[in-house]
Amino acid sequence: AQSVTQLGSHVSVSEGALVLLRCNYSSSVPPYLFWYVQYPNQGLQLLLKYTSAATLVKGINGFEAEFKKSETSFHLTKPSAHMSDAAEYFCAVSGGGYQKVTFGTGTKLQVIP
Amino acid sequence: GAVVSQHPSWVICKSGTSVKIECRSLDFQATTMFWYRQFPKQSLMLMATSNEGSKATYEQGVEKDKFLINHASLTLSTLTVTSAHPEDSSFYICSAREATGEAGELFFGEGSRLTVL
Chain C
578 AQSVTQLGSH VSVSEGALVL LRCNYSSSVP PYLFWYVQYP NQGLQLLLKY TSAATLVKGI
638 NGFEAEFKKS ETSFHLTKPS AHMSDAAEYF CAVSGGGYQK VTFGTGTKLQ VIP
Chain D
14 GAVVSQHPSW VICKSGTSVK IECRSLDFQA TTMFWYRQFP KQSLMLMATS NEGSKATYEQ
74 GVEKDKFLIN HASLTLSTLT VTSAHPEDSS FYICSAREAT GEAGELFFGE GSRLTVL
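Protein chains in written order, with the numbering used here: chain C, 578 to 690; chain D, 14 to 130.
It cannot be assumed that every hint is accurate.
Stated by the list, open to error - Partial pick of chain C residues on the chain D-facing surface, computed with a CB cut under 10 Å:
| id | residue |
| --- | --- |
| 1 | Asn618 |
| 2 | Gln622 |
| 3 | Gly639 |
| 4 | Phe640 |
| 5 | Phe644 |
| 6 | Lys646 |
| 7 | Val678 |
| 8 | Thr679 |
| 9 | Phe680 |
| 10 | Gly683 |
To be verified - Chain D stretches covered by chain C per the calculated footprint, using a threshold of three residues with CB under 8 Å from any CB of chain C:
| id | stretch |
| --- | --- |
| 11 | 57–70 |
| 12 | 84–94 |
These are computed hints drawn from the structure, not numbers from a lab. Quick reminder that beta carbons are idealized off the backbone N, C-alpha and C, glycines included.
Next up, chain C with everything else stripped away, as it sits in the complex (with noise of 0.2 Å):
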């Protein structure tokens, strides 16, 4: 069984700020997790995964991730917040394989001028 907490469900921070969005997760066996964003009326886009390598993943538009086994947390953050970054995402694990993907309930991120 799994599962994925995201905790906010609305995030607001001013352009150039630091933007955490933060997701717990529950795996029953080694976790792959993931970070998607979805603009308004589009489908997801993957920004970064986890893949049991490195600790701390990289990915797209300058967000990165870090999973910390002992808190099973897998936080999203970006050092400066652009307007662009304004949209929905959503936390994602899976046991790998052909094992299903959960979604967490998905945090929306505001980016103040």
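We have chain C; now place chain D onto it with these hints.
Just chain D now, kept in the frame of chain C:
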């Protein structure tokens, strides 16, 4: 990354009619495709898992006779909403997994906005 194309992006239909949505993997073979439904301001709800050449596996509470899924080839899956009603109006998203993908990451289509009048 791999590309998944979904068509149509927008569709409006009358109540009682059927609507077909296509999901294609353009540059890879997808043995497994997934269909999701997303309600406004909510997460993705997995409707069914579609495996090439076999029957789809539906999630609990999803009517298989209502939402017909066909995965006839390694690059195409279709979702047909039969006898659509206004409550079927939603954003439907497909995703595909590469046959050789280790981590099981999903590649998503652009989504299809269905409005039933």
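Going through the hints against the structure:
At its closest, the beta carbon of Asn618 (chain C) sits 6 Å from a beta carbon of chain D; the interface hint therefore holds under the 10 Å criterion. Against a cut-off of 10 Å between C-beta atoms, the interface hint on Gln622 (chain C) holds, since the closest Cβ of chain D lies about 7 Å away. Checking Gly639 (chain C) against chain D by beta carbon gives a least distance of about 17 Å; that is not within 10 Å, so the hint is violated. For Phe640 (chain C), the suggested interface contact is broken, since its CB lies about 15 Å from the closest CB of chain D, more than 10 Å.
Proximity of Phe644 (chain C) to chain D is violated relative to the hint, the smallest CB-CB distance being about 13 Å (cut-off 10 Å). Interface hint status for Lys646 (chain C): violated, as the beta-carbon distance to the closest one in chain D is roughly 17 Å, over 10 Å. Against a cut-off of 10 Å between C-beta atoms, the interface hint on Val678 (chain C) holds, since the closest Cβ of chain D lies about 6 Å away. Evaluation of the Thr679 (chain C) hint against chain D yields a held restraint, the C-beta minimum of about 8 Å falling below 10 Å.
Annotation: interface hint on Phe680 (chain C) holds; nearest CB of chain D at approximately 5 Å, less than 10 Å. A cut of 10 Å between beta carbons decides the hint on Gly683 (chain C): the least distance to chain D is about 5 Å, and the hint holds. With 3 residues bearing a CB less than 8 Å from a CB of chain C, the stretch 57–70 of chain D meets the requirement of three and the coverage assertion stands. With a cut-off of 8 Å between beta carbons, the stretch 84–94 of chain D has 0 residues touching chain C; three or more are needed, and the interface restraint is violated.
Violation of the numbered hints given earlier is confined to hints 3, 4, 5, 6, 12; the remaining hints are satisfied by the structure.
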